[in-house]
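Taken in order, these protein sequences are the chains called A and B.
If you read the first sequence in our numbering, its first letter stands for residue 1, the second for the next number, and so on.
If you read the second sequence in our numbering, its first letter stands for residue 1, the second for the next number, and so on.
It is worth saying that the hints were derived from the structure and are not from the lab.
Warning: the hint list may mix true and false statements.
Below, simulated SDA-like cross-link-like pairs (lysine to any residue); rule was C-alpha separation at most 25 angstroms, straight line [unchecked claim]: (1) Lys9/B / Arg111/B; (2) Lys3/A / Gln37/B; (3) Lys9/B / Gln42/A.
Computed, partial: chain B to chain A, Cβ under 10 angstroms [as the list claims (entries may be wrong)]: (4) Gln6; (5) Leu27; (6) His29; (7) Gly40; (8) Gly42; (9) Leu45; (10) Asp59; (11) Lys70; (12) Leu90; (13) Ala92; (14) Gly109; (15) Arg111.
Some chain B residues flagged as far from chain A (calculated, every beta-carbon gap over 12 angstroms) [unchecked claim]: (16) Lys9; (17) Phe12; (18) Gln41; (19) Thr77.
None of the values given here were measured: they were computed from a predicted structure.
The beta-carbon is built from N, C-alpha and C at its ideal position, and this holds for glycine as well.
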Amino acid sequence: DAKTTQPTSMDCAEGRAANLPCNHSTISGNEYVYWYRQIHSQGPQYIIHGLKNNETNEMASLIITEDRKSSTLILPHATLRDTAVYYCIVRVWARQNFVFGPGTRLSVLP
Amino acid sequence: DGGITQSPKYLFRKEGQNVTLSCEQNLNHDAMYWYRQDPGQGLRLIYYSQIVNDFQKGDIAEGYSVSREKKESFPLTVTSAQKNPTAFYLCASSPAQGQQSYEQYFGPGTRLTVT
Numbered sequence: 001d002a003k004t005t006q007p008t009s010m011d012c013a014e015g016r017a018a019n020l021p022c023n024h025s026t027i028s029g030n031e032y033v034y035w036y037r038q039i040h041s042q043g044p045q046y047i048i049h050g051l052k053n054n055e056t057n058e059m060a061s062l063i064i065t066e067d068r069k070s071s072t073l074i075l076p077h078a079t080l081r082d083t084a085v086y087y088c089i090v091r092v093w094a095r096q097n098f099v100f101g102p103g104t105r106l107s108v109l110p
Numbered sequence: 001d002g003g004i005t006q007s008p009k010y011l012f013r014k015e016g017q018n019v020t021l022s023c024e025q026n027l028n029h030d031a032m033y034w035y036r037q038d039p040g041q042g043l044r045l046i047y048y049s050q051i052v053n054d055f056q057k058g059d060i061a062e063g064y065s066v067s068r069e070k071k072e073s074f075p076l077t078v079t080s081a082q083k084n085p086t087a088f089y090l091c092a093s094s095p096a097q098g099q100q101s102y103e104q105y106f107g108p109g110t111r112l113t114v115t
């Protein structure tokens, strides 16, 4: 699977948009970009995934660059409950597991 | 409610004892997984199973064993051969392989402490 690079930590003011970047410059054509988050001492929670097009659901938006070498997860109105570690994963669709790196620790500040 | 349950949430054992962690899902998913997470790190795959009565080793299977006798259940045994068993253990499930893209759903985890 393609290696991903994320910032170690980020802060965001409550109510503002949180933009979490991810670099995946070695991504292949059949590899999807997934985002999960993990609140302390809980299991990871699926957020969103995409292949080429931008995606949006009730939790977040995923913006993938045209060359697919990077992506951004957007939480449009961050709340204190969004404080978590966010993982960007690039995964071949047939692979059996997700490889979680250290992720980005997002702190939403009041 | 559909989901994945893991029990217990906290588990304490003495060194040298085997311990079995429970994982049950009612999502009708074919595939199930066990991961291990150490403090400040990502998840590492221990074992996975795509179908009943079949399972494969992941990246760190040594010292662990699993069984898959029922679709809903995938228990993990941490044996005394596992050198550093203290960790946070996460179970996950997903729909059958063959779909073009799918997400994994995770349970709440079991924190195992061995002293």
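Against the structure, the hints come out as follows:
Simply put, Lys9/B and Arg111/B have alpha-carbon atoms about 6 angstroms apart, close enough for the 25 angstroms limit, and the pair holds. Taking the CA atoms of Lys3/A and Gln37/B, the gap is about 19 angstroms. The hint holds against a cut of 25 angstroms. The straight-line distance between the Cα atoms of Lys9/B and Gln42/A is roughly 10 angstroms, inside the 25 angstroms bound, and the hint therefore holds. Annotation: Gln6/B was flagged as interfacial toward chain A, and the flag holds, the nearest CB pair being 8 angstroms apart, inside 10 angstroms.
At a threshold of 10 angstroms, the smallest CB-CB gap from Leu27/B to chain A is about 12 angstroms, leaving the interface hint violated. At its closest, the beta carbon of His29/B sits 13 angstroms from a beta carbon of chain A; the interface hint therefore is violated under the 10 angstroms criterion. Interface restraint check for Gly40/B: the shortest CB-CB distance to chain A comes to about 7 angstroms, inside 10 angstroms, so the restraint holds. Annotation: interface hint on Gly42/B holds; nearest CB of chain A at approximately 4 angstroms, less than 10 angstroms.
Interface hint at Leu45/B: satisfied, since its Cβ lies 4 angstroms from the closest Cβ of chain A, which is below the 10 angstroms cut-off. Because the closest C-beta pair between Asp59/B and chain A is about 8 angstroms apart, less than 10 angstroms, the hint holds. Proximity of Lys70/B to chain A is violated relative to the hint, the smallest CB-CB distance being about 20 angstroms (cut-off 10 angstroms). A cut of 10 angstroms between beta carbons decides the hint on Leu90/B: the least distance to chain A is about 5 angstroms, and the hint holds.
Hint status for Ala92/B: holds, given a least beta-carbon distance of 8 angstroms to chain A, under 10 angstroms. The beta carbon of Gly109/B is positioned within 10 angstroms of a beta carbon in chain A (closest approach about 5 angstroms), and the interface hint is therefore held. Proximity of Arg111/B to chain A holds as hinted, the smallest CB-CB distance being about 7 angstroms (cut-off 10 angstroms). Consistency note on Lys9/B: stated as away from chain A, yet its beta-carbon is not over 12 angstroms from all of that chain's, at 9 angstroms minimum.
Even its closest Cβ contact with chain A, about 16 angstroms, leaves Phe12/B beyond 12 angstroms, as expected for a residue assigned away from the interface. Distance check for Gln41/B against chain A: the nearest CB is about 6 angstroms away, which does not clear 12 angstroms, and the non-interface claim fails. Separation of Thr77/B from chain A is adequate, the least Cβ-Cβ distance of about 20 angstroms exceeding the 12 angstroms criterion.
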